[in-house]
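*Asks:* Chains A and B supply the protein sequences, listed in that same order.
Residue numbers are given in the UniProt record's numbering: position 75 of the first sequence equals residue 75, and the series is strictly consecutive.
Residue numbers are given in the UniProt record's numbering: position 191 of the second sequence equals residue 191, and the series is strictly consecutive.
Hint data in this document are derived by calculation from the structure and do not stem from the laboratory.
These figures come from a predicted structure and were not determined experimentally.
Each residue gets a CB set at the ideal place from its N, CA and C atoms; glycine is no exception.
Some hints could be false.
To be verified - Which stretches of chain A does chain B cover? Using the computed rule of at least three CB atoms under 8 Å from a CB of chain B, they are:
no.: 1; region: 311-325
no.: 2; region: 485-496
Unchecked claim - No farther apart than 27 Å at their CA atoms in a straight line, the calculated lysine-lysine pairs in the DSS-like style are these:
no.: 3; chain 1: A; residue 1: Lys-403; chain 2: B; residue 2: Lys-47
no.: 4; chain 1: A; residue 1: Lys-334; chain 2: A; residue 2: Lys-345
no.: 5; chain 1: A; residue 1: Lys-345; chain 2: A; residue 2: Lys-437
no.: 6; chain 1: A; residue 1: Lys-70; chain 2: A; residue 2: Lys-235
no.: 7; chain 1: A; residue 1: Lys-302; chain 2: A; residue 2: Lys-275
no.: 8; chain 1: A; residue 1: Lys-142; chain 2: A; residue 2: Lys-92
no.: 9; chain 1: B; residue 1: Lys-47; chain 2: A; residue 2: Lys-235
no.: 10; chain 1: A; residue 1: Lys-488; chain 2: B; residue 2: Lys-86
no.: 11; chain 1: A; residue 1: Lys-363; chain 2: A; residue 2: Lys-142
no.: 12; chain 1: B; residue 1: Lys-47; chain 2: A; residue 2: Lys-498
no.: 13; chain 1: A; residue 1: Lys-186; chain 2: A; residue 2: Lys-342
no.: 14; chain 1: A; residue 1: Lys-302; chain 2: A; residue 2: Lys-186
no.: 15; chain 1: A; residue 1: Lys-275; chain 2: A; residue 2: Lys-235
no.: 16; chain 1: A; residue 1: Lys-345; chain 2: A; residue 2: Lys-358
no.: 17; chain 1: A; residue 1: Lys-232; chain 2: A; residue 2: Lys-70
no.: 18; chain 1: A; residue 1: Lys-309; chain 2: A; residue 2: Lys-285
no.: 19; chain 1: A; residue 1: Lys-232; chain 2: A; residue 2: Lys-363
no.: 20; chain 1: A; residue 1: Lys-486; chain 2: B; residue 2: Lys-47
no.: 21; chain 1: A; residue 1: Lys-70; chain 2: A; residue 2: Lys-275
no.: 22; chain 1: A; residue 1: Lys-186; chain 2: A; residue 2: Lys-298
no.: 23; chain 1: A; residue 1: Lys-498; chain 2: A; residue 2: Lys-486
no.: 24; chain 1: B; residue 1: Lys-47; chain 2: A; residue 2: Lys-309
no.: 25; chain 1: A; residue 1: Lys-437; chain 2: A; residue 2: Lys-186
no.: 26; chain 1: B; residue 1: Lys-47; chain 2: A; residue 2: Lys-517
no.: 27; chain 1: B; residue 1: Lys-47; chain 2: A; residue 2: Lys-298
no.: 28; chain 1: A; residue 1: Lys-92; chain 2: A; residue 2: Lys-342
no.: 29; chain 1: A; residue 1: Lys-302; chain 2: B; residue 2: Lys-47
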Amino acid sequence: MNAWSVCGRWLAGAALAAVFFSSVPGWAQIKVLDENQAPGRAMAQQATKGREIWITADHSLHPILKKEFKSGPEVTESCLSCHELAAGQFQKTIHWTWLDPNVDPKLRVGKGGLSMNNFCINIQSNEPRCTSCHAGYGWKDKTFDFSNAHSVDCLACHEQTGTYHKFPTGAGNPVSEPTVFKEDGKTYMPPEWNKVAQSVGRPTRQNCGTCHFFGGGGDGVKHGDMDSSLMKPNKELDVHMGTDGQNFDCVRCHTTRVHHIAGRIYSTPAAKGRKSLIEDDLTPKIMCESCHSRTPHKPGVKANAHTDKVACQSCHISTYARVNPTTMWWDWSKAGQMKEGKPYKELDEFGKPGYDTKKGEFKWARNVVPEYYWFNGSLTTLTARDTIDPSGVVAVGWPNGDKNDANARIFPFKVHRGRQPYDKVNKTLVIPRLFGKEGTGAYWADYDWDKSAAAGMAYAGLPFSGELGFVDSTYVFPITHMVAPKDKAVQCQECHSKNGRLRNLGGFYMPGRDVNKPIQVMGWILVLGSLAGVFFHGLGRMVARGKKED
Amino acid sequence: MTQTEMVNVYLYTRYERFWHWLQTTLIVLLLMTGFEINGLFRLFGFKLATEIHEYAGLSWLIAFAFFVFWLFTTGEWRQYIPTTRKMLTVIRYYTYGIFRGEAHPVPKRKDAKHNPLQRLVYLSLAAILLPIQMITGFLYWGYNSWPDWGLNWLSLEVVASIHLAGAFGVLSFLIVHLYMITTGHTLFAHTRAMITGWEQVAEGTPIDDWERKDRGKSAECS
Chain A
1 MNAWSVCGRW LAGAALAAVF FSSVPGWAQI KVLDENQAPG RAMAQQATKG REIWITADHS
61 LHPILKKEFK SGPEVTESCL SCHELAAGQF QKTIHWTWLD PNVDPKLRVG KGGLSMNNFC
121 INIQSNEPRC TSCHAGYGWK DKTFDFSNAH SVDCLACHEQ TGTYHKFPTG AGNPVSEPTV
181 FKEDGKTYMP PEWNKVAQSV GRPTRQNCGT CHFFGGGGDG VKHGDMDSSL MKPNKELDVH
241 MGTDGQNFDC VRCHTTRVHH IAGRIYSTPA AKGRKSLIED DLTPKIMCES CHSRTPHKPG
301 VKANAHTDKV ACQSCHISTY ARVNPTTMWW DWSKAGQMKE GKPYKELDEF GKPGYDTKKG
361 EFKWARNVVP EYYWFNGSLT TLTARDTIDP SGVVAVGWPN GDKNDANARI FPFKVHRGRQ
421 PYDKVNKTLV IPRLFGKEGT GAYWADYDWD KSAAAGMAYA GLPFSGELGF VDSTYVFPIT
481 HMVAPKDKAV QCQECHSKNG RLRNLGGFYM PGRDVNKPIQ VMGWILVLGS LAGVFFHGLG
541 RMVARGKKED
Chain B
1 MTQTEMVNVY LYTRYERFWH WLQTTLIVLL LMTGFEINGL FRLFGFKLAT EIHEYAGLSW
61 LIAFAFFVFW LFTTGEWRQY IPTTRKMLTV IRYYTYGIFR GEAHPVPKRK DAKHNPLQRL
121 VYLSLAAILL PIQMITGFLY WGYNSWPDWG LNWLSLEVVA SIHLAGAFGV LSFLIVHLYM
181 ITTGHTLFAH TRAMITGWEQ VAEGTPIDDW ERKDRGKSAE CS
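So here's chain B without its partners, still in its complex pose (with noise of 0.2 Å):
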């Protein structure tokens, strides 16, 4: 393997690192207490399960609301675009390159955090499956409330049939997502940069004027 100098990049905010660990507890939480009141094991009790999985869900639709205002305000949404250019080069990274031992082809930056399937991934997760289930746990949530909300045609069985089938969504991402940040240059760079934010870089790496989150604007002003 080639040496390559590392070098230190700031790459996670305070509140972006609050915010991804905030999500961390959230989603454990979540589903833990959420597969334990389908039934597949017994921890908290049901009473209980269902108390922390209520309080979770409102809690998690509240920090959901300031994450997606914080998108917009500071332009970070531009993170989440999706593209195509360099996809294949990174699957081909992750499916060939990883075990020959090469670079990453889209190594981080501070205004390119997410390689192009990272950008997928986290898109459909932020866009298409959290919002599913947030979705579908609060209309369960208000189960109660449905014939006030005129919602009396819903099946309660469709909802929550809909919000396991995301479940298993977020477990099984949970799950990659867990094992993919074993792929940093060490077992745990990307752990200790989601921790104190700063994240190591190979010094000198190109970086592309399309994964600048501020493009057409002077680097000096981010």
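In isolation and in its complexed conformation, chain A is listed as follows (with noise of 0.2 Å):
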């Protein structure tokens, strides 16, 4: 045995030794980093695991939270002793304005302008019953102090006590004594204005969903994604937010500046870069990839190259209103209809009403999988100037995008389709006055569309025909919430077949979904040829030898 072998063997040995050793965990005592994993998951576990509290006032202390109050606008006036540019900051975002800040105002687009929907249609000459969800006390009607720094209701986001109710038909005020809800017959009370100004704090479940989940209206009426179920949802429900897991609130993602709350805002994207918080750590965390990056799955998965045209959503949400049903179609042009003389309601198989005399026909859905379209992030809505084509269906909000932009991808989307009032001579989405007292033209008091079109176009300063008829109209919500663990995801075949989820979804070749007809015709002329020809050719040969046998 020369030095050499002897040489290469312990060199061999010490290899393999360290191989080994570096291969199992603890004998190395090194600790490497996971690299199949996100690096987002990673930053999340690590930010959320251990969590500390970091807040360094208690709002229970302050001596002018002690004082009496009677009314919010006093609770207000205290808060901004302290937090002085609050409220100027809250003025100049969306939940004050309810108009998209990057139209002209003179467009008035927006849920507090004219943008239309097919729900509840538009908020002018319904403020009462509308604005009861807004961050604001009193805004009553077109009067409203939009400038009015006392105005503005910080407790319906930062109390936390979650006693505090404004009253469904109280422009945005709570009850002063107890009053009788006679919708739902549920009784409200005067908030205890010291408990919940004393209880203030950063924003949770509680207080986005008071209103994001019963838009519309009523509990899971408007989105589909977001509903009461989201206030304590399990991990299966929402991965994130369930209790069970992260336990995200909604502020965690929806990071706010200066009460800039980041979402998408009408014709706005949420986020024009896909950044993840690596590259920019400024950056708003509202997109998928500010913390899951563009290529979340483990390396070589082909879902990694998915991801310029898909959004995450589009597979990690496979159904919504997972556990509470949405409203998929309202009809009001079936509204009106009574029972001996007098308004009803009918329940449906989810205890939801399938029809209501003030509201029209109704259908629910649960576990509803949604429609695809190309979406940058923005959305337009028409609004109550926008001339429309009633021959068809009136797309009243659709997505902005095509496959041909670089920023769109394919995302799931909620349709609600309904048919709603139109002018049939100015061709416009009619504005009806839904609420108010008897002889106003409300619908809901008088029952008669002609005054109540008349009352509400009136109100808008809109021209109203008289002419009123009814349309078939969509109106689209991206689906976001409610991302279900990556075990529940969307399966390829799901969209990569014939009748896949994305059947509708043209102008693009897709893989298991598009095969070249002519080409799939020659294709199995040539085979089926080519089966007859062996065939013929082999029976020859059989009939031949058959006959030499003889």
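Please assemble the complex out of the two chains, which come individually in their own frames, going by the hints.
*Replies:* Written out as structure tokens, the structure reads:
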């Protein structure tokens, strides 16, 4: 045995040992980071594990919050004595204006302006009912002073007792004495002002959800991916918000700068750059990419190559309204039917109103498969000034973006279909006056569409011909909440097949769904021809051999 | 039928047989998974079918490169040189003579494994159809890199359609090929040869000089 071979063996042994020890955790005594883990996951875990309270103020100890309050504006005044910039900041945000900040204010785009939907249609002339969700006090009509700092409702977003309720028809005001809301028989109590004022803190799901889960006048009516089930969801319903998981509050992703809360605002995408927090740690934490990066799957997994065209939501939210049902259809043309001369409600199999004299016919659904469209993060909504083509289905709201738009992804949507009033002569959607006293034209009091439309349009300062019709309409909501755990993601086959989820999304070739018909037909002719050829050739050989053996 | 003495000839080397069956496996896998991806049936599921298809395709691409290397270093490429000589005789045999029990006009020999018809078909397959499948398949696989490769002008539908057309061509070849292996002097003679390497041919069959792969050289060198 020479020195070389001894040396060689020793080296080989050492190398093997090194490989062995480094592969056994603990032995190597070095904690190797899991390279397969998305950086955002690691960051999220880091941020949520062992989270410590960093709050430096206890509002229950503030003398100014111990004085006797009789109304919301008084509380606001106290808040502003320390947070003197807060009202000014807040009044610039969409939570206050209810208008698209990036569109000429004269166009009045936004739910506080003339933008339409196919739920309760528009708030003009219906303010006391609709603005109960406004983070302000007293927006009961056009005279509301948007510059009054004391009208800002700090408590709606910041109180933490869970006892602060604004009255549904109170134009954003809570009641001053116990009051029954006839619609649901619930008694609303005046707030214990000191308690709620002293409880303030960072907004929780309860704060955001009180309005956003009940949009359209009821639980799950509007969005489908946001309803009361998200108050305390489990991981199965929302992998980020699950109380048995990461337990994220809304503001964990909807980050805030001087009261501007990150999120899509009508025609403005939630975030323009698809950046991760590693690339830019000041980027609003609103996109999935912010935490999960653009290639969130394990290296080599095909799904990583989909992220340029397919939104994360498309695969990771396979169905929405997984716990509570959501409305899919609202037919205003059926409203007004009476039973024994009286308005009535009929509940459907979900225990939700299938018919309501005030509102018409509804269809609800649970576990709904979304519809998919190209989406660059912005939506367009018709206003009551826009002319429509009533011969077809009117898209009242639709996603912007197409397959050639670098910022557009295939995105899941709830499409709410309905029938709503329109002006047959002017060819515009109609703003009806719904809420109000008898004799004011309010539909929910007078049950007369012509009067309701005339009153609503006059209030909004828009022409109405007097000829009212009903038109089919659609309205879209991006589905972005209720992200399921990864093992519940949409499987490849569900899109890559003839009648899959993307069957209606044309304009591009998709493997598994699309096939060039002429090639396919010619191909099968060739294959069948080959089969026939060899069949008859073989038959010929058999016959010939048979003859010879005779 | 006149009885002819058959002799065993070692026709296919270990590598040739390995390559043949590897290619068989890959082609069958690729055809099955490819047609599944096209929605013809459901066996593996889209995801697994795609993964198998990609791995099989890339494996084939690498193995094919070795095959081409082998072909040129061993000089076996000469077996694929097309010729018109005896072409009509072979065609006449398959359309007429075979039914009358005639002997194949171009019997197999170590240095002339393919008859003129086979040469033409195999050459078209190895030099045209399979490369087309490999190129379109590789492009298809690299779809997400097209912008980086400067191929933005390419249409996925065109690439996919050529790839599908090629697949039909391969399937058609497979059908005829499977049938043709039954045309030996017994039904399984050719199959046996492709497994063991030994083909049975009639003794004393003359071989023309052009059929030899190493024509001009002495036969002992082969």
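*Asks:* Now, for every hint given, state plainly whether the structure supports it.
*Replies:* Hints, one by one, checked against the model:
no., hint, result
1, 311-325, "violated (count 0)"
2, 485-496, "holds (count 4)"
3, A/Lys-403 with B/Lys-47, "holds (24 Å)"
4, A/Lys-334 with A/Lys-345, "holds (12 Å)"
5, A/Lys-345 with A/Lys-437, "holds (20 Å)"
6, A/Lys-70 with A/Lys-235, "violated (41 Å)"
7, A/Lys-302 with A/Lys-275, "holds (21 Å)"
8, A/Lys-142 with A/Lys-92, "holds (18 Å)"
9, B/Lys-47 with A/Lys-235, "holds (26 Å)"
10, A/Lys-488 with B/Lys-86, "violated (64 Å)"
11, A/Lys-363 with A/Lys-142, "violated (33 Å)"
12, B/Lys-47 with A/Lys-498, "holds (15 Å)"
13, A/Lys-186 with A/Lys-342, "holds (22 Å)"
14, A/Lys-302 with A/Lys-186, "violated (52 Å)"
15, A/Lys-275 with A/Lys-235, "holds (26 Å)"
16, A/Lys-345 with A/Lys-358, "holds (9 Å)"
17, A/Lys-232 with A/Lys-70, "violated (32 Å)"
18, A/Lys-309 with A/Lys-285, "holds (21 Å)"
19, A/Lys-232 with A/Lys-363, "holds (26 Å)"
20, A/Lys-486 with B/Lys-47, "holds (16 Å)"
21, A/Lys-70 with A/Lys-275, "violated (47 Å)"
22, A/Lys-186 with A/Lys-298, "violated (51 Å)"
23, A/Lys-498 with A/Lys-486, "holds (25 Å)"
24, B/Lys-47 with A/Lys-309, "holds (18 Å)"
25, A/Lys-437 with A/Lys-186, "holds (21 Å)"
26, B/Lys-47 with A/Lys-517, "holds (23 Å)"
27, B/Lys-47 with A/Lys-298, "holds (15 Å)"
28, A/Lys-92 with A/Lys-342, "violated (45 Å)"
29, A/Lys-302 with B/Lys-47, "holds (9 Å)"
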